[in-house]
Amino acid sequence: MSGPYFTTGLFPRDFLAPTIASIRDAQLSNGEIPWSPGNYADPWDHVEAAMGLSIGGEWNAAERAYRWLAEQQLSDGSWWAAYRNGVPDNRERRETNFVAYVATGVWHHYLISENRDFLSELWPVVNKAMSFVMSLQSEHGDIDWAVDEDGTPRSDALITGCSSIYKSLECAHNIAVTLGEERPEFLQSRSALGDALRNRPQRFDRTWESKSRYSMDWFYPVLTGVIRGAAAKERLAARWDEFVEDGMGCRCVVEEPWVTVAESCELVMALLAAGEHARAVELYSWLHQWRSDTGDYWTGYQFAEDLLWPDERPTWTAGAVLLAADALTQHTAAANIFTCVELLDSAATPLSRRAT
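The sequence shown begins at 1 in our numbering and counts up by one.
Any given hint could be a false lead.
What the hints assert, rightly or not - Here are the simulated distance ranges between beta carbons:
(1) 92 <-> 293: 35 to 45 Å
(2) 201 <-> 14: 40 to 50 Å
(3) 59 <-> 209: 19 to 29 Å
What the hints assert, rightly or not - Within a straight-line C-alpha distance of at most 20 Å, the following computed EDC-like cross-link-like pairs (lysine to aspartate or glutamate) qualify:
(4) 128 <-> 195
(5) 233 <-> 282
(6) 128 <-> 185
(7) 211 <-> 156
(8) 233 <-> 255
(9) 233 <-> 246
(10) 128 <-> 71
(11) 128 <-> 58
Honestly, the hints are just simulated from the structure, not real lab data.
Where is the CB? At the ideal position from N, CA and C, for every residue including glycine.
Working from the sequences, and respecting the hints, build out all of it.
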């Protein structure tokens with residue numbers, strides 16, 4: 001199915017209304033957003049779907065999603081890897097990028113809704129979550145990807161996960177400044193993490209095979225602001241032909257003939273961050289052929305076998321579709337959350353901003 005042309009000021013609300021509804025309708029009465037009806041939820045993808053609700057104007061539903069997270073938060077600020085109907089479904093580990101992502105989602109919702117009461121309500125949740133994450137940062141700046149059930153660190157770091165945390169530290173700082181809280185450690189941690197991601201490649205994938213075969217390791221440092229400007233353009237150009245299938249989308253893994261919608265949407269935003277607007281529009285235009293008749297999106301397409309695979313249409317994929325549409329059309333006040341780095345200046349008024 002083809003979609004409309006996406007450009008500034010032309011958010012296709014009617015076209016995306018079923019996509020928004022697919023997230024809203026999957027949400028449980030307790031606020032939890034599973035991957036799909038009857039499936040489990042994980043903290044990161046739950047937030048991704050909630051951001052789609054915020055973009056779609058479903059603010060009450062989005063706020064219920066964040067309150068569900070608040071109710072599930074453990075005493076150390078973390079969450080288990082997965083939940084099902086409000087009960088932990090995977091207690092094997094707690095992942096740092098899953099935990100940190102609440103800061104990105106809460107800031108995103110505040111930018112759109114301007115609901116300061118909501119921001120104040122969720123601040124303790126964000127603060128505890130980021131404290132947990134920062135407690136797992138090494139002296140070299142990298143952050144352990146997870147802890148075991150008993151809290152033992154897994155003692156390795158992921159480029160994609162740490163890049164996501166880098167953006168969450170930016171958002172956590174902005175929340176703190178907006179509320180008049182002093183948390184200089186957020187920017188200190190962010191600076192050390194950025195240095196590790198840019199200059200200490202040996203700190204990542206220390207105990208397993210390199211994850212460079214995954215497209216997210218390629219574009220996430222651009223998507224989250226770790227790498228910017230000319231260096232961002234160069235990074236995306238360097239492996240474009242390895243990961244992008246013309247007319248289809250972005251591969252998840254370089255050697256697999258499988259393009260995925262969520263990764264493609266994130267690459268759209270990374271392209272915008274690198275100043276590649278025309279290429280971003282073109283890539284996004286390919287993705288609507290993977291849209292179902294009910295308005296949600298399949299996970300991906302296996303083009304060697306001409307097969308939509310797996311047989312699922314996740315809420316978080318719908319969330320990614322909406323985030324990319326917002327970034328392309330500048331529909332909401334949070335449209336640039338993944339395409340720009342913007343830190344509130346704690347030395348000035350809460351509404352003043354400085355790029356960094």
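Sort out which numbered hints this structure fails and list those numbers smallest first. As far as the earlier hints go, 3, 4, 8, 11 are violated by this structure, in ascending order.
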